[in-house]
Each structure stands twice: as structure tokens, then as C-alpha cells.
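Use these hints to put chain Y onto chain S, whose structure you have.
If you read the protein sequences in the order shown, they are chains S and Y. According to my numbering, the first sequence holds residues 1 to 336 in order. According to my numbering, the second sequence holds residues 337 to 662 in order.
Do not rely on the hints blindly, as some may be mistaken.
Said to hold, decoys possible - Chain Y is faced by these chain S residues, among others (derived, beta-carbon under 8 angstroms):
(1) D84
(2) R85
(3) Q194
(4) G220
(5) D227
(6) P264
(7) T268
(8) A279
As the list claims (entries may be wrong) - Restraint-style ranges between C-beta atoms, simulated for each label pair:
(9) Y:A437 / S:R89: 33 to 43 angstroms
(10) S:G37 / Y:T606: 27 to 37 angstroms
(11) Y:P632 / S:G37: 34 to 44 angstroms
(12) Y:L398 / S:T268: 32 to 42 angstroms
(13) Y:S495 / S:A19: 10 to 20 angstroms
(14) Y:P483 / S:T305: 43 to 53 angstroms
(15) Y:A467 / S:T14: 46 to 56 angstroms
(16) Y:A644 / S:Q206: 27 to 37 angstroms
Unchecked claim - The following residues of chain S were derived to be distant from chain Y, with all beta-carbon distances above 10 angstroms:
(17) A19
(18) M104
(19) P126
(20) R269
(21) I276
Quick caveat, the hints were computed from the structure, so don't treat them as lab data. C-beta atoms are modelled at their ideal positions from N, C-alpha and C, and glycine is treated no differently.
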Amino acid sequence: MDADAPLLAVDNLTITLPAGRGRTVDIVENVSFRLDGAEIMGLVGESGSGKSMSALAIMGLIDAPGARIAGSIRFRGRELIGLDRRALRALRGAEIAMIFQDPMTALTPVHTVGWQIDEQLRAHQPLSRAGARARTVELLGEMGVPDPRRAADRYPHQLSGGLRQRAMIAMALSCNPSLLIADEPTTALDVTVQAQILDLLRRLRQDFGSSILLITHDMGVVAETCDRTTVLYSGNVAEHGPTDALFRQPAHPYTAALLDSIPPLRGTRPRRLPSIPGAPPAPSARPPGCPFQPRCAYGHVACETRPSLLPIGAQQVACVLPAEGRALPPRAVLSA
Amino acid sequence: MSALLETRTLSKHYRIGSALRGYRTLRAVDGISLQVERGEVLGLVGESGCGKSTLGRCMLRLTEITAGEILFDGRDISRASDKRLRPLRPRMQMVFQDSYASLNPRRRVGDLIAEPLRIHTHADGARRGEAEIAERLGELSHLVGLPQSALQRYPHEFSGGQRQRINIARALALSPDLVVADEPVSALDVSIQAQIVNLFMDLQESLGLTYVFVAHDLSVVRQIATRVAVMYLGAVVEIGPADTVLHSPAHPYTAALISAVPEPSVGVTTRRITLSGDVPSPVSPPSGCRFHTRCPSAQALCSMTAPALQDMGDGREAACHFPLLT
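Just chain S, with the same shape it has in the complex (with noise of 0.2 angstroms):
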């Protein structure tokens, strides 16, 4: 392990799967981005943007005959890609935990929510029986699950999407893992019990220092919860920055449209939404060019090759405009 590392770095990932007939298609495409100590990242994007793929990957859980994984995901310093079974295992669930948007698939119906967590810190630690549900218990707690000890011991389908999502995270955080990657993790559920789970995440990062990677397509979710920002579009990260440099001023015409396009909870009610025309291009459909090109507003003939991620300011950006100097204006601030 090398200590001057950062905790996370993920260099040109590329995630080809086969799309049958001996033809491939790259669904993540050179994403790059990387995750310090007790850092809160959001990777955000339309469906079939990659994000999810991308996080897959990280926790090498791509396991489609046929798909191939390039570049480089460090862990403090660690190769991730390539790296053996057991190695990958010990590492999963102890160090690198993942949790999901739909916990029934995560929890098993057929075991109490306690026995599973149980299990997990049983996996990685030496503990008794009793030992380990006395951990159960403290760690429900911990996540605001109220009459903990009864909670162990009920089945997932006893309990409410929020508590479910309560115990889902529980149990990967049995392990203190330094790294947390959240997918879509409060999507399904209502807007007030999502407003209790990401206190409970930025807790997280308070209390015990965790880092966070946090996917989600949710542009209040980001705005609220991140440190940092990473934008996907079509498999391609479009910019990334500080999440409060990128909501002031978006430098990627796709980042600007997206937010533009959100109806305002306050202020002036616009009489038509701003809308981005068309729809995201199918990974194999892909323009040679910039992915946004064919939607953006800003569209022009150096579009036709593909921009490389360029630093503007504190952010970085896969866009043509701020080299042409005619970088994107800060977002009309919204009258409360």
C-alpha cells in the first residue's frame, strides 16, 4: 500500500461487452476520476450514461462472459483490475463496500436482517456468535433504526423501504470500510425518508471518515450531498469539479441544459421548460465526435473529433468552448 496514494483512482476505464454477432460496444469509455479520504463524490448521469457500470467495475462485479475492462482502478495504490478472487474477495465488504437502490435484492428473504449482518462480520472478523449480534445491533443503532434488537431479528420483508435501506447499510458498514459506493441509494424511496438516508450519509463521512462515492441521477441529490461532482455523458465523463464551482458555473453545455432543464421548486415558474432536444445516443450509435454534440447547442465542426477533459478553473471539462474562449456563462442565480 502506498500511503501518499489516494484512496481511490480510476484511470481510463473502458468497459466493452459484446453486443453479439462478434461485434463489441464500449459502454464506459476513458472515465477517469479519483476519491480522497473522507470525501463525498457523486457520479452522475442519464441512464445508460455508465455510471453504474463504471462502479461495478470497481467492486469486480462485471462478470458478463465476454467483457473486457482496460485501463486502471487503483485502491490506495492497489491494481484492482486483474486482481485474484480471493485477494478480491477479502478486500469486498471489508474495505470496499457497495450498497444498491433496491435492498430486497441485496438482503436475502430467507434470513433474518440481523443473521446477515451476523454473517458479514463473521466473514472478515473473528468474533462469536454473540459477539457479532451485539455488533448487529450497536450498528442498526448507529443507523437510526429504532428498537434495534427487535429489528435483527426481523426478516427484510417486515420492514419499511427506509429501514430496509437503514439495514443494507449497516451491514456494509459492519466492516469500517474506507470506501462506501452507494448506487441510486435513496431513488426508490420517498423524498422524506430520502432526506433522513443522506443525513445519515453525510454522518457517515463526519463520524467515521468514510469516503463516499455516490451515484445517483439526481441533480438535488448531488447538489446537496457531494464534495465533488463527476457528470457522465453516454459512457464519457463530460466534466467534473468541485460541486460548488460546477452549479454556479456549468462548463459543459450538457451539464448547463441538464440543470436548466429541472423545473424550479422556487422562485419564477418558467412558462416552457428548457429541454434538450433528442435522446442520449445508443452505446453502439455513438458519434465519432463529442457524444453531446448531436443535442448541444454549441454544436460546431470541431465537435466532429472527440474533446479531451480540459481544466477550467477548479473543474475539468470534455468541451471545446473554454479553449475557444467562449466558456459557458455562471447559471442564473434563482430568486428564492
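Same frame as chain S, but now just chain Y:
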């Protein structure tokens, strides 16, 4: 002029459980009275399980009601037979959340949109001819922004946004007065969602439609609705003009709901009202005010007496003993 649609103490209860373990009653919709005026967009909002979808379906008699009345254009349709409802059906249509499930995958888009035109006759009983249907298909595809070529293709060839356009075209085929849309944009990505919200708004304006727009996303509802009804555990807790309700909520639940929405901007500081716990089960709703178990301003009275909807003096009604004053 009477309201286009009115519900009077409308209830929909489900019997759940089994003979062995005993039956219990789930009150999905519990005594809701509201009016939908001609040309307005009424937004029905609330969290999952609050009964908003059930209410929307009951309004069109797609779900049989347990008690109460539904008046469509002044006529009581609460217990009307299918035969008596049939001539009214063209005037009330529905758009669903799952754009794929609501389209038969084995039929061409043109046939799907034409189906209501083939099933329903003109008001005078005359059937529509193929030439008339073809002409109407042309109009409809233009109206919703589908290319003519789409009519020859199958639903799976389209993206979610395009499929929702197909569903809207089909709902509009018979020129309805009322469209109930149940979470029509929730499954769409944000960039596509804006296109469909705009389409709904344009159609409402150009065709003078009346919508009941069921959604959990408050900002989408604010964009499209003229009035909003906020539901909690089968009851309306607050109803009134969208701007009044969403900018200065009177019911603590509305206020908490609004404050919980994460905003896609930085530097906007909003006070978060965090509700504890989950929504109670509609099988055994709390006594008195249904919200008192989670309400930050609940007092002794709230657990004893259920508050009725009261006029707040600004065109909005709220069901709260201690409404928030602004």
C-alpha cells in the same frame, strides 16, 4: 357552471388478509371530496401509498369505489353500468407511468393509436371510416411530435419519451375533456422529462384540456398544475392554488414535504424539516389527525380529533388544527 369532475366523500377500501388470519381493511382513499374545474390542471401529490393513484383511477371508474359519489359533468357516474359509462368514456382518458406496459408490443403504433377510434363510434352512432381514421392519425402524430413514419413501427423501437408521446396521442384520439395522468414523466430521464412536461402544457393550452396530474415530484407538479391537492394516508390534507400551497404551505406535512426536496443548486439555504419515522400503515391509520405521529407541531388535541378541511381565507383549504401562519 358545474365542475367537470367532482368527488363527494369518495372512499376506496380494500379487504386484505386471508380467511385463516382474518381480514383487515386498507383505506386507500378515505372520504375525499374535491372538484376539478374545466380547463384546470389539478396536481395530486403525496408519498407512495398515500392513495393518489387510486384516487385518479377511481375518478375514471377504472377501479370500483367503496363509498361516496363521483360526478362527471354534473352526472352521477359512481354506480353507472359499463353500458351507461361507454358513451362518456371518450371524454375521459388516462395516461400511465409505464409507457411500455401500456402499449401492446405486437401491434404497430398506428394501430395502437387508432384503436379507440375503431372501438368508439361518433356521438350519432356512426362508425369511423378508414380514411377518417388515417386523417386523424396524421393529426395526432403531428400534435404530439411523432414523425409520420412512427405509425408503421413497433413500441420497442422507441425510447421512453417517444413511447409516452404515443400514449398521449392515443389518450387524445377521441378528443377527451379530461385526462388523468398517473406519474407520466416519473420514469423518464430529466432531459426527456422536460420535453414531455412541455408537451402536456402545450396540449392543455391548445386543446383546452383538463388534467388530473398525479405525481410525487413537487417541482414537476408546480410547473404544470394550477391547483394542488396534497394527500397523506388516503386523505387530502391541503388543497389550493399551486403557488399558494407550494410557496406558503399551511399544513405541516406540506411544509415538510417541500423542505425535503433536494434542490439542484448551491448556496440556497432552506430549512429542512426532518420528519421522523415512516408513513404509518393505511390499515391502521393513527387516531385523530393522521399526521400527528410525525408532525413537528402536534399537540394533545391532534391525537383525539381529526381536523376537517377548512378555508384558510386565501383560496386554499387545509386540514390542520394548528395551521402554519405566514
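Going through the hints against the structure:
Taken as an interface hint, D84 (chain S) does not check out: its beta carbon lies about 38 angstroms from the nearest beta carbon of chain Y, beyond 8 angstroms. Hint on R85 (chain S) is violated. Least Cβ distance to chain Y is approximately 35 angstroms, over the 8 angstroms limit. Because the smallest distance between the Cβ of Q194 (chain S) and any Cβ of chain Y comes to about 7 angstroms, under 8 angstroms, the interface hint for this residue holds. For the restraint placing G220 (chain S) at the interface with chain Y, the shortest Cβ-Cβ distance is roughly 3 angstroms, inside the 8 angstroms limit, so the hint holds.
Below 8 angstroms, beta-carbon pairs count as interface contacts, and D227 (chain S) has none with chain Y, the closest being about 11 angstroms; its hint is therefore violated. Restraint check, P264 (chain S) versus chain Y: the minimum CB separation of about 6 angstroms is within 8 angstroms; hint holds. Hint status for T268 (chain S) relative to chain Y: violated, with the closest Cβ pair at about 10 angstroms, above 8 angstroms. Interface restraint check: A279 (chain S) against chain Y, minimum CB-CB distance 5 angstroms, threshold 8 angstroms, status holds.
In this structure the supplied range 33 to 43 angstroms holds for A437 (chain Y) paired with R89 (chain S), their Cβ-Cβ distance being about 39 angstroms. In this structure the supplied range 27 to 37 angstroms holds for G37 (chain S) paired with T606 (chain Y), their Cβ-Cβ distance being about 29 angstroms. The given range of 34 to 44 angstroms is respected by P632 (chain Y) and G37 (chain S), whose C-beta atoms sit roughly 36 angstroms from each other. Remark: the range hint 32 to 42 angstroms for L398 (chain Y) to T268 (chain S) is upheld by a beta-carbon distance near 37 angstroms.
The supplied range of 10 to 20 angstroms is met by S495 (chain Y) and A19 (chain S), whose beta-carbon atoms lie about 18 angstroms from each other. The beta-carbon spacing between P483 (chain Y) and T305 (chain S), approximately 30 angstroms, falls outside the hinted interval of 43 to 53 angstroms. Checked against the hint of 46 to 56 angstroms, the C-beta distance between A467 (chain Y) and T14 (chain S) comes to roughly 54 angstroms, which is consistent with it. Between A644 (chain Y) and Q206 (chain S) the Cβ separation comes to about 44 angstroms, which falls outside the hinted range of 27 to 37 angstroms.
Every C-beta of chain Y lies more than 10 angstroms from that of A19 (chain S), the closest at about 17 angstroms, which supports listing it as non-interface. The beta carbon of M104 (chain S) sits about 15 angstroms from the closest Cβ of chain Y, which is more than 10 angstroms, so the claim that it is off the interface holds. For P126 (chain S), the requirement that its beta carbon stay farther than 10 angstroms from each beta carbon of chain Y is met, with the minimum near 36 angstroms. Non-interface status of R269 (chain S) relative to chain Y is broken: a Cβ of that chain comes within 10 angstroms, the nearest being about 6 angstroms off.
For I276 (chain S), the requirement that its beta carbon stay farther than 10 angstroms from each beta carbon of chain Y is not met, with the minimum near 4 angstroms.
Checked against the numbered hints listed earlier, the structure breaks hints 1, 2, 5, 7, 14, 16, 20, 21; every other hint is satisfied.
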